[in-house]
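Chains as they are written, first to last, in the numbering used here: chain A, 70 to 628; chain B, 4 to 265.
Hints in this document: simulated from the structure, not taken from any laboratory. Take the hints with a grain of salt, since some may be wrong.
As the list claims (entries may be wrong) - Lysine-lysine pairs mimicking DSSO-like chemistry, simulated, CA-CA at most 27 angstroms apart:
id : chain 1 : residue 1 : chain 2 : residue 2
1  : B       : K175      : A       : K159
2  : A       : K337      : A       : K441
3  : A       : K159      : B       : K110
4  : B       : K175      : B       : K110
5  : A       : K512      : A       : K582
6  : A       : K213      : A       : K589
As the list claims (entries may be wrong) - Taking CB as the label site, the calculated pair distances span:
id : chain 1 : residue 1 : chain 2 : residue 2 : range
7  : B       : A77       : A       : G282      : 20 to 26 angstroms
8  : B       : H13       : A       : L604      : 32 to 38 angstroms
9  : B       : S262      : A       : R283      : 53 to 59 angstroms
10 : B       : E223      : A       : L132      : 50 to 56 angstroms
11 : A       : R530      : B       : D182      : 26 to 32 angstroms
12 : A       : A147      : B       : G139      : 53 to 59 angstroms
13 : B       : S73       : A       : F396      : 52 to 58 angstroms
Backbone N, C-alpha and C fix where the C-beta goes; we use that ideal spot for every residue, glycine too.
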Amino acid sequence: MSATSTADTPTFVAKTKGGRITDFVDQRVGGSGILREFGRKVFPDHWSFMFGEVALYSFVILLLSGTFLTFFFDPSMAETHYHGSYLPLKNVEMSVAYNSSLNISFDVRGGLFMRQVHHWSALLFVASIAVHMLRVFFTGAFRKPREMNWVVGSVLLILAMAAGFTGYSLPDDLLSGNGLRIIDGVIKSIPVVGTYISFFLFGGEFPGTAIIGRLYMLHILLVPALILLMIAVHLFMVVVHKHTQYPGPGRNDGNVVGYPLGPVYAAKAGGFFFIVFGVIALMAGFFTINPIWNYGPYDPSPVSAGTQPDWYIGFVDGALRLMPGTFGDWHVEQVWFGQVFSFNVLLPALVPAGILFTVMFAYPWIERWITKDDREHHVLDRPRNAPTRTAIGVAGFIWYCVMWAAAGSDLIATHFHVALNDVTYWLRALFFIGPILGFIVAKRVALALQRKDREIALHGRETGRIVRLPHGEFIEVHAPLDEYKRYKLVGFESPSPIPAQPNEHGVVDRKEKRRALLSKWFFEDRVAPATPAELAAAHGHHGAHEAIDATADQKTLSH
Amino acid sequence: MKALSQKRRHPLAAVALLLMGLLITGGLYAVATTVNQAKADTTSFSASDAEEGGKLFAANCATCHGMGASGSQAGPSLVGVGAAAVDFQVGTGRMPMQMNGPQAYKKPAQFNEEQTHQLAAYVASLGPGPAIPEAGVLDEKGDAAKGGELFRTNCAMCHNAAAAGGALTRGKFAPALADVSGKHIYEAMVTGPQNMPVFSDANVSPEGKRDIITFLKQIEANGSPGGNDLGALGPVSEGLFVWIAGLGVIIAFTIWLTSRTS
Chain A
70 MSATSTADTP
80 TFVAKTKGGR
90 ITDFVDQRVG
100 GSGILREFGR
110 KVFPDHWSFM
120 FGEVALYSFV
130 ILLLSGTFLT
140 FFFDPSMAET
150 HYHGSYLPLK
160 NVEMSVAYNS
170 SLNISFDVRG
180 GLFMRQVHHW
190 SALLFVASIA
200 VHMLRVFFTG
210 AFRKPREMNW
220 VVGSVLLILA
230 MAAGFTGYSL
240 PDDLLSGNGL
250 RIIDGVIKSI
260 PVVGTYISFF
270 LFGGEFPGTA
280 IIGRLYMLHI
290 LLVPALILLM
300 IAVHLFMVVV
310 HKHTQYPGPG
320 RNDGNVVGYP
330 LGPVYAAKAG
340 GFFFIVFGVI
350 ALMAGFFTIN
360 PIWNYGPYDP
370 SPVSAGTQPD
380 WYIGFVDGAL
390 RLMPGTFGDW
400 HVEQVWFGQV
410 FSFNVLLPAL
420 VPAGILFTVM
430 FAYPWIERWI
440 TKDDREHHVL
450 DRPRNAPTRT
460 AIGVAGFIWY
470 CVMWAAAGSD
480 LIATHFHVAL
490 NDVTYWLRAL
500 FFIGPILGFI
510 VAKRVALALQ
520 RKDREIALHG
530 RETGRIVRLP
540 HGEFIEVHAP
550 LDEYKRYKLV
560 GFESPSPIPA
570 QPNEHGVVDR
580 KEKRRALLSK
590 WFFEDRVAPA
600 TPAELAAAHG
610 HHGAHEAIDA
620 TADQKTLSH
Chain B
4 MKALSQKRRH
14 PLAAVALLLM
24 GLLITGGLYA
34 VATTVNQAKA
44 DTTSFSASDA
54 EEGGKLFAAN
64 CATCHGMGAS
74 GSQAGPSLVG
84 VGAAAVDFQV
94 GTGRMPMQMN
104 GPQAYKKPAQ
114 FNEEQTHQLA
124 AYVASLGPGP
134 AIPEAGVLDE
144 KGDAAKGGEL
154 FRTNCAMCHN
164 AAAAGGALTR
174 GKFAPALADV
184 SGKHIYEAMV
194 TGPQNMPVFS
204 DANVSPEGKR
214 DIITFLKQIE
224 ANGSPGGNDL
234 GALGPVSEGL
244 FVWIAGLGVI
254 IAFTIWLTSR
264 TS
């Protein structure tokens, strides 16, 4: 601690040996200045702000456990015979890669545990990224100035999926081979160049003898390096932008209310790393993941029932399962000019994922264009206070979940005792209807919650106490809110639609008209926050008759 | 009683009630369904077995399968299906069928060992068909690794590589194979019950079938080396687990970490 002051006063000599060493280092690297700056950085406290941390910690655990696995894994597709401890595979012909994965599982001390740590943390890594992005989306944290960081985060999601998929394919067991076969099929369905790309990727006809080694290099070198780079950019921008905060008394776009990083917040975050590590270690210790010994070595002929990708690729697999091969007599797969065009594979594999990622990347700019909102936002929206955005998010979420569920259609069928065909028909219908229903319901729920907030702000909380007045009337007693709680219910923006604006030539062009229509759609249904005047009016004649006044106040809602 | 009535509005009262209900129904169900399977071992039938079997058949099976097992609109002819088919279908409780549907469900056997034996004798007397397997192929002492290869090539596409079962079209399914006796597995392979294809001796030799049974019994006895197998259903159950249990626990911790001591 004494070292911090010595930078300015060179004559100072620390009393202890540790102090002198610290002082020596500090005079050369200037760590105390950095620490002072960072230690005072304020982070707002909310549980939903911690998913990015979970992702970061899972990534650290992935690096650690992955390094352990590289000591024993051999990414060769040369053929060998198994002579390890797992009897049901004794003497079975398999690739060296699968052989070494089995040896990690059964003959390396702690190997199976580390494999399971690595795989569980991979699932958690992508899951926490997904939840983090949902939090950012639904609270509007992607708005100016954070649009570019949203893009970096989206790139991280794709990189995480790439890291996961390349890793999933490495053990060269039946399950991973089937997954690669599907990827191969998707690549081959690309018109004209598909076959060439596939041969280039696999070094010849599928499966070839090259793919595991290539995926291994991507998995342990290129993809993690890119992820690290993106994490660095991501965190740098978080520091530059400062953290967003939920609305509350005393919080505005010009400040950050929370705890400084040092010492409490840093201690909490450091402790949280070990909590995440502990949860993953417990999962790895007690629950098996990817039991490669069940699946056997890869061989292109067998395909096991229940063959699915890991969860984050599931939605693509689900879209493939939902796609019909024919519409009546019309075959989706077409033969033109003697060439086969497998649209039945190409469309479901690329189009939904393409739409999802395009909208995800572009959303901050779409909303910015519609709302003409060019201000900086550091205070978050509560999801109910941005009903249309929330509804869009829910629609996208449901669309994703329908495809996701479709990847497990066979298990839904067996476990709920329904016909696989019916599951597919329902999910096909939901693929189109689900997002629309989700949009409508979510928007209505958000508006209803806003009305409830308004009601509570104006008239207080229902206490459940029914009182009978002397003249026989029954009323329910409402308890007024304190100012802090009320602020949360009234302190939000409720923008109204912005009509079409003429451009610099004084002309309202067609694009602007379209924008105005979208703006109307975006902001048309709104519940304005209670104004001070309304609050004063509501509290002016408060008391016995509030319950009755509530109905009269409903009419003043702008809608 | 007073304490009970005072606590009935406790926030956790509903949870406790729900838990109690679930425990009672679950417990009763578990008790009601614990029934042992019937097992028959002999393969020699006497004339009286066939005669008794004929009576049982007329009383219990002929409604659908017709008098003399010649078949009807409701059920197929059983001439030539062999004793193995009867032993499998009746021995696993699939026949008599509970209700019409895409597939007969396994249920507690409706006939005891002797009656199953008599029914098998009767059907076997109608025409030649696959016999109940000899004990030699059921000793579970074959080559598990070979059996595993045969299983992955011939069976896993429906029954799942870990024999956890899988879905077929229109409500049909391939059942999980844990707790199925070696004899019934063998009989299923030679007779092709429900939607299962027949794996004749030309297709998978008796030695190969012995290997498959050895493999299945060995992986069942091995258990799951990596901890709870989550149903051995592959990435779907793993994904569900990480989202619900993994993230759930972590969210609980985040809430704890950010809660203020007020």
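Here is how each hint holds up against the structure:
1. K175(B) with K159(A): This hinted pair is violated, its Cα atoms lying about 34 angstroms apart.
2. K337(A) with K441(A): At roughly 39 angstroms apart (the allowed maximum being 27 angstroms), K441(A) and K337(A) break the hint.
3. K159(A) with K110(B): Cα-Cα ~36 angstroms, so violated.
4. K175(B) with K110(B): holds (16 angstroms)
5. K512(A) with K582(A): Roughly 24 angstroms between the alpha carbons, so the hint for K512(A) and K582(A) holds.
6. K213(A) with K589(A): At roughly 21 angstroms apart (the allowed maximum being 27 angstroms), K589(A) and K213(A) satisfy the hint.
7. A77(B) with G282(A): 20 to 26 angstroms: About 59 angstroms separates the Cβ atoms of A77(B) and G282(A), which means 20 to 26 angstroms is violated.
8. H13(B) with L604(A): 32 to 38 angstroms: holds (36 angstroms)
9. S262(B) with R283(A): 53 to 59 angstroms: violated (48 angstroms)
10. E223(B) with L132(A): 50 to 56 angstroms: Given a distance of about 37 angstroms, which is not inside 50 to 56 angstroms, the answer is violated.
11. R530(A) with D182(B): 26 to 32 angstroms: violated (56 angstroms)
12. A147(A) with G139(B): 53 to 59 angstroms: Since the Cβ atoms of A147(A) and G139(B) sit about 39 angstroms apart, the hinted range of 53 to 59 angstroms is violated.
13. S73(B) with F396(A): 52 to 58 angstroms: violated (44 angstroms)
In summary, the numbered hints that this structure violates are 1, 2, 3, 7, 9, 10, 11, 12 and 13.
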